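Whenever a hint applies, use it, and build me the whole structure from the sequences.
Residues in the sequence shown are numbered consecutively from 28, following our numbering.
It should be emphasised that the hints constitute simulated quantities derived from the structure, not laboratory data. Small disclaimer: the values here were computed from a predicted structure and weren't measured. It is possible that part of the hints are untrue.
Said to hold, decoys possible - Label-pair distances were calculated between CB atoms; the ranges are: (1) GLN437 / GLN284: 30 to 36 Å; (2) VAL59 / PRO131: 20 to 26 Å; (3) SER167 / HIS219: 36 to 42 Å; (4) VAL260 / ARG310: 39 to 45 Å; (5) VAL59 / ARG98: 17 to 23 Å; (6) GLN437 / PRO104: 47 to 53 Å; (7) LEU55 / THR106: 20 to 26 Å; (8) ALA148 / ARG312: 45 to 51 Å; (9) TRP152 / ARG227: 24 to 30 Å; (10) SER167 / ILE94: 26 to 32 Å.
What the hints assert, rightly or not - With a Cα cut of at most 20 Å, we get these calculated SDA-like pairs of lysine to any residue: (11) LYS290 / SER259; (12) LYS263 / ASP278; (13) LYS174 / THR84; (14) LYS290 / LEU262; (15) LYS290 / ARG328; (16) LYS290 / LEU261; (17) LYS290 / PRO329.
Using N, Cα and C, we set each Cβ at its ideal position, and we do this for glycine too.
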Amino acid sequence: MQRFFVSPNTLALSPTRQNLWRLILIRLLVWVAQSLSVAGAYLSGWFPLPWLPLLMTLGISALVSVITLLRLSRGWPVTEPEYGLQLLFDMVVHSVLLYYSGGPTNPFVSYYLVPLTIAAATLPWIYALVLACVAISAYSVLLVWYKPLDAFELPVVSYMINLHVIGMWLNFAMSAALISFFVVRMAAALRHHADRLAERREQGLRDAQLLGIASVAAGAAHELSTPLSTMSVLLKDMRSDYSADAQMQEDLVLLQQQVAQCKESLQHMVRTAEDDRLKPRRRERADTWLTTVLARWHLMRPEASWQWGTLAEGEVPWIQTGPELGQALLNLLNNAADACPDNIEVAIAWDADWVRLRIRDHGPGVPLHIADQLGTAFLTTKGKKGFGLGLFLSQAAVERLGGSVRLYNQDGGGTLTEVTLPTATEVDL
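What follows is the structure in structure tokens.
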């Protein structure tokens with residue numbers, strides 16, 4: 028039986044889990060304000076409140092908050108019903124406190140709108156509807172059933188201080204601050220989650236394309252082995268037949284080398300596929316790896332001339348490599364050689380976090396009308412000579428390692444291809 032495991036990082040980034048963290052923070056802030064209000068009323072003696080029920084209610088609220096924090100420290104997922112129950116608990120606590128402190132005459136009665144706003148911003152509509160019904164019902168019951176407060180006005184010198192008006196102002200200020208800050212953060216978490224889902228959906232579509240291309244490539248490799256062997260035999264016979272023609276011998280030797288390179292490429296593809304299955308990633312020095320790939324590319328494209336650009340200074344970092352990364356760089360080098368095989372510049376630079384490989388050609392550059400579509404499968408600027416897969420496969424391979432591929436038109440003509448790869452440590456492998 029195949030088992031699927033959810034990464035702890037995925038759980039930590041769940042929007043419902045993050046929103047529950049924020050909800051508990053809101054509850055603790057409100058709890059502090061409520062506790063200070065009760066303590067102020069008790070110490071001042073302004074209102075004869077039922078202190079025991081109020082303290083018990085605040086104690087239960089604090090206990091549930093602590094239990095929820097402990098629960099969030101575990102790797103358990105947070106579901107929407109659980110999150111909705113937490114909002115319902117806040118409404119129940121608020122209703123009990125209102126019952127013992129003036130009911131609808133309490134200036135904080137409109138705080139019901141805060142959990143309702145949070146529910147509307149972060150939960151499906153059915154949860155918001157249920158909580159709205161609960162809030163309306165609780166408010167309606169409090170209109171007729173509550174413990175009244177004696178007075179809200181206190182004489183101070185020559186004027187009256189209306190505590191109800193002051194309380195309404197405090198409630199408005201607190202509610203506005205909580206809604207403005209926390210609800211915006213919660214909505215942003217949901218948007219970020221939607222963006223990540225869209226990226227995964229796009230990655231899935233690209234993986235499906237890659238699987239189709241890989242299947243076709245495997246079949247093509249099997250079909251090409253026989254004609255390549257036939258060509259190799261015929262070239263040997265032709266070298267024997269034209270042994271006296273020096274120019275013909277030179278051409279035939281070049282053809283034989285190219286056929287051998289094709290056969291080696293097919294064998295390399297099979298070997299690296301097996302290596303990729305057994306050990307998909309390894310750690311290499313960036314300059315050593317680049318030099319190896321360039322040596323292999325020079326055998327494939329002997330007509331292309333290239334030179335090193337400005338090299339960075341300092342200790343050369345390490346990067347994660349694999350068979351697909353080497354093939355990705357070969358594809359990009361071939362694109363540069365197809366654009367213009369002369370004076371290709373290759374440079375490498377790095378910092379603490381990234382390694383940047385730059386390939387500069389002097390060809391016609393990228394046509395502006397398709398610049399935004401480059402990297403799409405089967406889109407090519409080479410007409411019938413290209414398949415439109417090189418840049419697509421290169422981008423997919425580099426992005427799998429956490430990097431990126433960017434193309435820039437240059438003022439003096441040509442294209443600059445920049446490959447960005449993250450540096451690697453022993454821990455990364």
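Here is what the structure says about each hint:
1. GLN437 / GLN284: 30 to 36 Å: The hinted range 30 to 36 Å holds for GLN437 and GLN284, with Cβ atoms some 33 Å apart.
2. VAL59 / PRO131: 20 to 26 Å: 24 Å, holds
3. SER167 / HIS219: 36 to 42 Å: 38 Å, holds
4. VAL260 / ARG310: 39 to 45 Å: Since VAL260 and ARG310 have Cβ atoms about 42 Å apart, the given range 39 to 45 Å holds.
5. VAL59 / ARG98: 17 to 23 Å: Check passed, 21 Å falls within 17 to 23 Å.
6. GLN437 / PRO104: 47 to 53 Å: 50 Å, holds
7. LEU55 / THR106: 20 to 26 Å: 22 Å, holds
8. ALA148 / ARG312: 45 to 51 Å: 50 Å, holds
9. TRP152 / ARG227: 24 to 30 Å: Taking Cβ atoms as reference, TRP152 and ARG227 lie about 25 Å apart, which means the hint holds.
10. SER167 / ILE94: 26 to 32 Å: 31 Å, holds
11. LYS290 / SER259: 10 Å, holds
12. LYS263 / ASP278: Given that 20 Å is the threshold and the Cα spacing comes to 12 Å, the pair holds.
13. LYS174 / THR84: 15 Å, holds
14. LYS290 / LEU262: Holds - the C-alpha atoms of LEU262 and LYS290 are around 14 Å apart, at most 20 Å.
15. LYS290 / ARG328: Roughly 15 Å between the alpha carbons, so the hint for LYS290 and ARG328 holds.
16. LYS290 / LEU261: 15 Å, holds
17. LYS290 / PRO329: 17 Å, holds
Violated hints: none; the structure is consistent with every hint.
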